[in-house]
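Protein sequences appear in the order of chains A and B. Quick note: the first sequence uses the numbering used here, first residue 35, plus one each step. Quick note: the second sequence uses the numbering used here, first residue 35, plus one each step.
It is worth saying that the hints were derived from the structure and are not from the lab. Everything numeric in this text was worked out from a predicted model, so none of it was measured. Keep in mind that the hints are not guaranteed to be accurate.
If chains are identical, the list can't say which one is meant, so a pair holds when it fits in one copy or spans any two.
Stated by the list, open to error - Derived DSSO-like pairs (lysine-lysine); straight-line CA-CA distance at most 30 angstroms:
| # | residue 1 | residue 2 |
| --- | --- | --- |
| 1 | Lys225 | Lys424 |
| 2 | Lys175 | Lys157 |
| 3 | Lys66 | Lys162 |
| 4 | Lys87 | Lys162 |
| 5 | Lys320 | Lys121 |
| 6 | Lys148 | Lys161 |
| 7 | Lys424 | Lys222 |
| 8 | Lys97 | Lys87 |
| 9 | Lys62 | Lys254 |
| 10 | Lys66 | Lys336 |
| 11 | Lys336 | Lys157 |
| 12 | Lys222 | Lys66 |
| 13 | Lys219 | Lys121 |
| 14 | Lys87 | Lys121 |
| 15 | Lys175 | Lys148 |
There are 2 protein chains.
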Amino acid sequence: MSLIVQKFGGTSVANTERIFNVADIVTKTYEKGNDVVVVVSAQGDTTDEFIEKANEINPNASKREMDMLLSAGEQISASLLAMAIEKLGFPVVSLLGWQAGFSTSSTYGSARIKRVTPDRIRKEIDKKNIVIVTGFQGVNKYDDMTTLGRGGSDTSAVAIAAVMHADLCQIFTDVEGVFTADPRKVPKARKLDVISYDEMLELATLGAQVLNNRSVEMAKKYNIELEVLSSLTRVPGTIVKEESKMEKMLISGIAKDNDVARISIIGVPDKPGLAFRIFSKLAAKKVNVDVILQSVGRDSTKDISFTVPQSMMQDAIHVCNSFVEVNGAMHVVYDENVSKVSIVGAGMETHPGVAATMFESLFDADINIQMISTSEIKISVLIARDDADKAVTAIHNKFFGED
Amino acid sequence: MSLIVQKFGGTSVANTERIFNVADIVTKTYEKGNDVVVVVSAQGDTTDEFIEKANEINPNASKREMDMLLSAGEQISASLLAMAIEKLGFPVVSLLGWQAGFSTSSTYGSARIKRVTPDRIRKEIDKKNIVIVTGFQGVNKYDDMTTLGRGGSDTSAVAIAAVMHADLCQIFTDVEGVFTADPRKVPKARKLDVISYDEMLELATLGAQVLNNRSVEMAKKYNIELEVLSSLTRVPGTIVKEESKMEKMLISGIAKDNDVARISIIGVPDKPGLAFRIFSKLAAKKVNVDVILQSVGRDSTKDISFTVPQSMMQDAIHVCNSFVEVNGAMHVVYDENVSKVSIVGAGMETHPGVAATMFESLFDADINIQMISTSEIKISVLIARDDADKAVTAIHNKFFGED
Chain A
35 MSLIVQKFGG TSVANTERIF NVADIVTKTY EKGNDVVVVV SAQGDTTDEF IEKANEINPN
95 ASKREMDMLL SAGEQISASL LAMAIEKLGF PVVSLLGWQA GFSTSSTYGS ARIKRVTPDR
155 IRKEIDKKNI VIVTGFQGVN KYDDMTTLGR GGSDTSAVAI AAVMHADLCQ IFTDVEGVFT
215 ADPRKVPKAR KLDVISYDEM LELATLGAQV LNNRSVEMAK KYNIELEVLS SLTRVPGTIV
275 KEESKMEKML ISGIAKDNDV ARISIIGVPD KPGLAFRIFS KLAAKKVNVD VILQSVGRDS
335 TKDISFTVPQ SMMQDAIHVC NSFVEVNGAM HVVYDENVSK VSIVGAGMET HPGVAATMFE
395 SLFDADINIQ MISTSEIKIS VLIARDDADK AVTAIHNKFF GED
Chain B
35 MSLIVQKFGG TSVANTERIF NVADIVTKTY EKGNDVVVVV SAQGDTTDEF IEKANEINPN
95 ASKREMDMLL SAGEQISASL LAMAIEKLGF PVVSLLGWQA GFSTSSTYGS ARIKRVTPDR
155 IRKEIDKKNI VIVTGFQGVN KYDDMTTLGR GGSDTSAVAI AAVMHADLCQ IFTDVEGVFT
215 ADPRKVPKAR KLDVISYDEM LELATLGAQV LNNRSVEMAK KYNIELEVLS SLTRVPGTIV
275 KEESKMEKML ISGIAKDNDV ARISIIGVPD KPGLAFRIFS KLAAKKVNVD VILQSVGRDS
335 TKDISFTVPQ SMMQDAIHVC NSFVEVNGAM HVVYDENVSK VSIVGAGMET HPGVAATMFE
395 SLFDADINIQ MISTSEIKIS VLIARDDADK AVTAIHNKFF GED
């Protein structure tokens, strides 16, 4: 007998038909003799509807009251799912975040889980109940409702799996698993049977929005086996687990990120400490800098380039312009029409030819590389936005073969 | 400086405009230097929508899960009202039943308040916050959400007023107060400035659905002064308070109740214990018997008549038919087309002519009285349904005068 945690997102419980579909999945798992803890998000557009209602009243409402409002969303979906499971004739109980023992930090709107005390969940499991827990929420030290922010329900599920030593944590979503590339863009993209935590983390960071990063980090830390799968097709999904348990794949996925802008400061005097000065000023303005590239100097100057999320570009340019004035660099150039395309694979650590193969595929497709950045298991290139889809297809064909 | 509890029903917070109207009432009360605790119901049709959603999934859903679902309703209205008050620039905090210290019995769907521990409310008031509390809900000893059943928010408000020794508990509703008769039926009906708890209780029982009975009982027990008033017209309402503080009115109101059916067992043998046998069997079937009348016997038999709510008529007839078979009475007759019309007034205790005046007004209007029942402060008559509105007007004219 195993303990299985199953998490269902908002689209999976969007209406009565979908709720019964979830009830069917849950009760079939229970019927096989498993203990089942279910984590649900709010139904479909509930959260958006709540936000709209709140904005109509007060666009600057406090985050405390927003959390009070939003946390009603999972309360509704959890109780409705419980009613569907009752209808199918199974013992079930729904629990709110605070009932399930979720203690969080006090930051309303993006609280972090500090502790899960699953006494009540255990008691209900001992009574042979299927236990439904509202995702995305908890209470802080003031006994106030908090929400975990984006992707919070994934994290709720993994946290329960971790603290209860679950055998498996299934994240049901609207895709069938983790693919080698975005299947809407690359028809030949393949579903992966298995992927490591680190690869999943790199892919998540790179914009393949299958799993929330915090949840993968937590799964890695507590060594919880995750399965990403669809609530609609009922086929096995992708297992996310510890690397040592699996054969390393050369590359496991290709991801594209359009939320990126490139900024370059041209003609920075070649003096020590200037790079530090720029990036500490950017950090002070809370600008997230991603890829950084410093050219080898021509004459006595050098060029410093970096990428930032699009929303932070104006702030970054402002910082750079001040820098140019004070430190006598030449000028600042920027480009919003860029994309970051990355390949991720634990196998590349031991296979030196991966980067070369990637660059070759881009060369063959006549795509110019603007910047390159590498980590142990990831290679990212910055290219023109217009080339991005072509690049993903070209790289995919190179590594995974054409049909 | 006073502590004022203000309760707003679902229609008072049905939409954004109404919510701001309530926010205006609350903040004006606060601006006068009062401490304010606000109790809200769920918005307009929210509860009905939730019930519909639940029925679509499982018409036999457990009451525990229904309470989990329904209690989200006040959570939504409370947080939205808080946001509106924030928008007006006032310090505010919304609290759920469990946060506000509402401990209830375990009966889901119609829990009773066992204890209110208002530590959190006090703390927030000390911080100069306007405190909004979700009505209608609490938690039971299992830490599960419970709802108080029909009219529960009134009871929540009075409970807070009682435990915090509030100076006044205002129940805002969609009528301007308590009237001498239903103003939709009797144009000359007058709003009462003041009414006693006992009179209010009799009127509530008799179908003048202004205040929930449980809340009036609680207000009486803890001697909390209530004011029933409209959230829309902003004029003084009706004060409900202890009788000794007020001049006794001869009669304070006339009420009509259509939810009544009359059943008679004809020809019951005149033996001791038979009446007891009928009514104990009815009680066992959970039939609420209201007015009971036993005729003085003709020959060696008598007739026993009583009234029941319409929904219990079939059950009652079934019990009576069995009784007739076993005990050899003649037969059972019943009438659904009846109404109970009652007058209530603390003054009638000391004014013997009240009943006679009432009967005279009915005689003048050519209305036949089928049954009569009296208590210290109430006289009820059972008449044909078709005569009911005419009867209310006739009695009203007699006691309150024609224009």
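To see whether the hints hold, each was checked on the structure:
1. Lys225 - Lys424: Cα proximity of Lys225 and Lys424: one copy only (20 angstroms, versus 78 angstroms across).
2. Lys175 - Lys157: Cα proximity of Lys175 and Lys157: in one copy and across copies (24 angstroms, 15 angstroms).
3. Lys66 - Lys162: So Lys66 and Lys162 pass the 30 angstroms test inside one copy only (13 angstroms; across, 55 angstroms).
4. Lys87 - Lys162: between (39 angstroms within a copy, 27 angstroms between copies)
5. Lys320 - Lys121: between (51 angstroms within a copy, 28 angstroms between copies)
6. Lys148 - Lys161: both (27 angstroms within a copy, 27 angstroms between copies)
7. Lys424 - Lys222: Answer is within; shortest intra-copy Cα gap is 13 angstroms, inter-copy 81 angstroms.
8. Lys97 - Lys87: both (14 angstroms within a copy, 29 angstroms between copies)
9. Lys62 - Lys254: within (28 angstroms within a copy, 54 angstroms between copies)
10. Lys66 - Lys336: Neither. Shortest intra-copy (65 angstroms) and inter-copy (66 angstroms) distances fail the 30 angstroms Cα cut-off.
11. Lys336 - Lys157: Result: close neither inside a copy nor across copies, 65 angstroms intra and 60 angstroms inter.
12. Lys222 - Lys66: Neither: 35 angstroms inside a chain and 70 angstroms across chains, both beyond 30 angstroms.
13. Lys219 - Lys121: Neither, since 41 angstroms and 45 angstroms both go past 30 angstroms.
14. Lys87 - Lys121: Classified as between; 14 angstroms across copies, 32 angstroms inside a copy.
15. Lys175 - Lys148: both (10 angstroms within a copy, 26 angstroms between copies)
The earlier numbered hints that this structure contradicts are 10, 11, 12, 13.
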